Amino acid sequence: MLKDKYPRVYEHLSKRLESNWETTVKLLEKGQREHVLRDFSIPVFKTIYESTLEHFFERDVLKANHIS
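Numbering (this note's numbering), first residue to last: 142 to 209.
Don't read these hints as lab results, they were simulated from the structure.
The model shown is predicted, which means the values in this text are computed figures rather than measured ones.
One should not assume that every hint holds.
What the hints assert, rightly or not - Derived lysine-lysine pairs resembling PhoX-like cross-links, with alpha carbons at most 25 angstroms apart:
hint: 1; residue 1: Lys144; residue 2: Lys156
hint: 2; residue 1: Lys156; residue 2: Lys187
hint: 3; residue 1: Lys171; residue 2: Lys146
hint: 4; residue 1: Lys144; residue 2: Lys187
hint: 5; residue 1: Lys167; residue 2: Lys204
hint: 6; residue 1: Lys144; residue 2: Lys204
hint: 7; residue 1: Lys156; residue 2: Lys167
hint: 8; residue 1: Lys146; residue 2: Lys156
hint: 9; residue 1: Lys144; residue 2: Lys167
What the hints assert, rightly or not - Cβ pair distances, simulated, as ranges:
hint: 10; residue 1: Arg179; residue 2: Asp201; range: 28 to 36 angstroms
hint: 11; residue 1: Lys146; residue 2: Ser192; range: 28 to 36 angstroms
hint: 12; residue 1: His153; residue 2: Lys187; range: 14 to 22 angstroms
hint: 13; residue 1: Val166; residue 2: Asn206; range: 12 to 20 angstroms
We treat Cβ as the ideally placed atom computed from N, Cα and C, and that holds for glycine.
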């Protein structure tokens with residue numbers, strides 16, 4: 142939905158989602174080292190997170206749930 146209605150916004154968000162993970166990965170690794178976060182696969186987390194947001198962008202989730 143977002144891609145069709147707002148292609149420039151979608152393109153910008155997609156590029157941001159696929160890049161600039163360095164700081165986030167460092168924070169996740171720090172959290173794991175300090176035992177604030179449990180050990181988990183950061184690449185798997187990243188993939189799940191990206192896929193979830195992409196799915197969200199492609200569906201009309203907000204409208205379907207009466208959220209504007």
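| query | Measuring from beta carbon to beta carbon, are Lys146 and Ser192 in 28 to 36 angstroms? | reply | 21 angstroms, violated
| query | Are Lys156 and Lys167 close enough, with their CA atoms no more than 25 angstroms apart? | reply | Cα-Cα ~20 angstroms, so holds.
| request: Decide if the proposed pair is consistent with the structure: Lys144 and Lys187, CA atoms, cutoff 25 angstroms inclusive. | output: Within the cut-off at roughly 21 angstroms; holds.
| message | Would the hint linking Lys171 and Lys146 be met if the CA-CA limit is 25 angstroms? | response | 39 angstroms, violated
| said: Lys167 and Lys204 were given as a pair; does the straight-line alpha-carbon distance stay at or below 25 angstroms? | reply: Answer violated: Lys167 to Lys204 is near 35 angstroms, above 25 angstroms.
| said: Please verify whether Lys144 and Lys204 have alpha carbons no more than 25 angstroms apart. | reply: Holds, at about 15 angstroms.
| query | In this structure, is the beta-carbon distance linking His153 and Lys187 contained in 14 to 22 angstroms? | reply | 19 angstroms, holds
| said: Between the alpha carbons of Lys144 and Lys167, is the straight-line distance 25 angstroms or under? | reply: It is violated: about 30 angstroms lies between the C-alpha atoms, which goes past 25 angstroms.
| query | Holds or violated: Lys156 with Lys187, Cα cutoff 25 angstroms? | reply | Judged against 25 angstroms, a Cα distance of about 14 angstroms means the pair holds.
| query | Straight-line Cα separation of Lys146 and Lys156 no greater than 25 angstroms? | reply | Cα-Cα ~17 angstroms, so holds.
| said: Is 28 to 36 angstroms respected by the C-beta to C-beta distance linking Arg179 and Asp201? | reply: 34 angstroms, holds
| Distance restraint hint 12 to 20 angstroms, applied to the beta-carbon atoms of Val166 and Asn206 | 31 angstroms, violated
When held up to the earlier numbered hints, the structure conflicts with 3, 5, 9, 11 and 13 and fits the remainder.
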